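Asker: Sequence:
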Amino acid sequence: MNKEQYIQWHLDESFQRWLRRASLWGAVLFVLLGALDYVVTPENFKTFLLYRIIIASFLFAVFIAVKKISHPQVLQILAYGTVIGSAVAIELMIMRFGGHASSYYVGMILLCVSVLGFIPARFHFHVISAALIYAIYLFPLLIADKIIQVRVFFTANAFMSLIFITAVLMRYLNWKGLIEDLTRRYDLERSREYFEEIAQDRTRELTEAKEQWEETFNTMDDVIAIHDKDFNVIRVNAAAAKMLGVSLSEIKKQKCYLSYHDTDGPPGWCPGLEVLKTGAPATRELFDARIQKYIEIKALPRFDKQHRIIGLIHIVRDITGRKRAEDEQRNLQAQFLQAQKIESIGLLAGGVAHDFNNILSTILGYSELSLMNLPDGHPARQNLLIIREAGEKAAALTHQLLAFSRKQVLEMKAINLNAIVEKMAKMLGRVIGEDVVLQLNAKSPARNIMADLGQIEQVLMNLAVNARDAMPAGGRLIIEISDIELDGEYVKKHEIVKPGPYVMLAVSDTGEGMSKNVMNRIFDPFFTTKEVGRGTGLGLATVYGIVKQHNGYIFVYSEPGKGTTFKIYLPATHEKSRGTQTAVSGAMPRGTETVLVADDEPDIRNLILDVLRPLGYHVLIAASGGEALTASDAVKGPVDLLLTDVVMPGMDGKKLADELCSRRPDVKVIFMSGYTDDAIAHHGILDSGVVLIQKPLTPGVLARKIREVLDKKS
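Numbered by the numbering used here, the letters in the sequence shown go through residues 1 to 714 in order.
Hints listed in this document are in silico derivations from the structure and should not be mistaken for laboratory results.
As the structure is a prediction and not an experimental result, all values here were calculated from the model.
All clues given are correct.
Mimicking EDC-like on lysine to aspartate or glutamate, the simulated pairs with C-alpha atoms at most 16 Å apart in a straight line are: (1) K323 / E296; (2) K3 / E180; (3) K423 / E457; (4) K176 / E4; (5) K229 / D304; (6) K298 / D288; (7) K298 / D221; (8) K293 / D327; (9) K567 / E480; (10) K713 / D666; (11) K655 / D600; (12) K668 / E708.
Using the sequences and the hints, build the whole thing.
Answerer: As structure tokens, then:
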């Protein structure tokens with residue numbers, strides 16, 4: 001055949017081959033990219049998946065058909081069909097998801113680049129294909145879509161046009177190059193002189209390649225050694241001399257096992273021995289004590305023309321960095337899984353505690369009211385005292401559950417850990433007993449932290465009790481406080497930690513320690529190693545919740561027989577600490593004001609009514625925010641106080657308070673809640689000026705808080 005026929009035949013064959021590949025790749029990509037639909041527009045996922053399956057099926061049919069068709073014109077029609085079908089499918093997704101502002105126009109770009117980049121065809125085919133793709137994208141948008149985001153639409157079109165034009169130009173240059181290449185190939189096959197020139201070029205290239213190979217061989221970081229069957233070193237690169245600390249000439253004079261391992265024969269684990277037995281590559285990883293590094297040794301067989309093993313190739317790689325990274329990754333993964341588990345349990349614990357607080361409000365409230373109304377010596381008093389005591393124990397448990405789930409009310413203020421520990425030293429000494437020596441290592445002056453004083457005291461108490469139980473025969477409890485800066489290096493090892501200034505509280509004991517399995521569960525609620533009846537399993541879970549609610553971090557270090565250390569990092573603050581106020585107790589104060597009560601729990605409403613009416617208050621009750629507003633509108637005189645639950649069906653307590661304050665600017669507000677994961681609390685920290693009573697309610701606390709708020713000047 002002549003030159004033109006030769007070129008045309010190669011073009012047609014290449015077009016058929018690449019059209020078949022492109023249709024198959026396109027079918028696979030259309031389906032695989034459906035995963036992005038699930039992330040970007042889950043509401044359209046099913047519809048888009050249908051589009052993708054239809055066009056993928058069509059492309060697969062083209063893939064099958066192209067194998068049986070060789071006519072150039074028919075193949076070109078099929079190619080146009082794949083372009084139009086793919087563009088229409090993408091346009092349907094664009095119109096359904098965002099229209100002119102949709103990010104799916106990138107699919108048109110990907111289609112254009114794929115067609116122009118992978119299918120070798122005549123230049124006019126690519127120009128028409130690019131024009132078809134752009135027209136299918138543009139005209140439906142101009143006709144059916146209202147262009148609102150003009151700048152976005154213009155930018156997308158400009159970007160797409162630039163890509164299309166660039167792709168067409170690149171294809172044109174590629175096309176010219178392809179024709180030129182085919183022409184050269186034709187000339188090569190027909191010209192002896194050209195073959196001689198090529199042979200010379202190849203010889204020169206081989207020489208250069210050999211030189212480059214030698215250079216590459218000696219610049220590689222991995223040790224590469226070539227041996228014969230008797231483990232004599234034939235060739236070795238410079239990395240071997242560097243790793244072993246000897247010269248290349250010394251290595252080449254010895255058996256490989258003598259140079260590498262200083263042994264009289266190959267070690268039993270040597271991968272080279274396995275290769276000589278099986279004829280297959282073998283790999284070993286080990287720690288080499290001579291060079292103090294982890295290495296990977298890979299042995300490969302060398303064959304002659306009859307496929308007989310004539311020697312070995314050893315590749316030795318330093319994997320110390322990889323081993324360390326794998327260890328760090330395992331540690332980080334364990335931390336992440338532990339945090340996820342604790343978070344899930346915390347959500348459950350918070351919900352349960354909230355429901356119990358409503359129930360306990362009724363139990364504690366009515367038991368206290370009944371005790372107040374019964375004379376001393378009444379036979380029912382003893383039973384009521386038992387009920388109240390049981391309710392208080394249950395309330396303490398829910399309090400710990402809320403602390404673990406990070407849904408406690410926090411009264412945050414600047415405090416100094418040194419001062420807190422010194423103040424609690426005597427109390428801690430009584431808790432741990434005479435057999436345990438308390439040692440305080442406070443590095444003064446320590447920074448202040450923003451924290452809830454009561455919660456921090458509970459952390460210290462729980463850790464002290466845990467340490468005492470770990471030292472039944474006595475020992476030492478060491479409490480250490482110091483300022484610390486968590487830097488980038490520390491954060492790399494603990495990805496959950498944010499860098500910055502912290503105050504570290506370390507509580508250590510010289511007790512029994514614990515195993516790794518116990519450490520992995522130490523913060524789980526209700527997990528305990530104590531015998532039945534000696535613990536709730538909430539002590540350390542409560543510590544974990546309090547630390548996390550204070551945006552801090554807690555880590556535990558322990559080994560069996562070597563004691564345990566808990567390290568807590570709490571963010572430091574520049575605010576100065578202020579003194580604490582003690583609560584005032586006494587008889588329940590009275591009043592004559594009007595109090596509007598809103599709570600969706602009837603038992604809570606009735607309890608508040610039974611507490612406040614005998615104290616002289618005029619009480620209005622409502623089961624919802626809407627009822628409360630209606631009750632307020634019906635009162636001609638003032639409504640002095642709104643007492644509302646935070647979480648209620650329909651209108652919540654915050655919205656009710658805002659609406660009532662807009663109608664009655666002088667009304668005062670007290671919120672009630674079983675937990676504080678709601679609208680008035682930001683991550684468990686009360687807004688300034690907001691008054692909240694945490695359930696379970698008791699008559700005394702309720703009466704005093706109402707009197708306190710009513711007496712406060714606006």
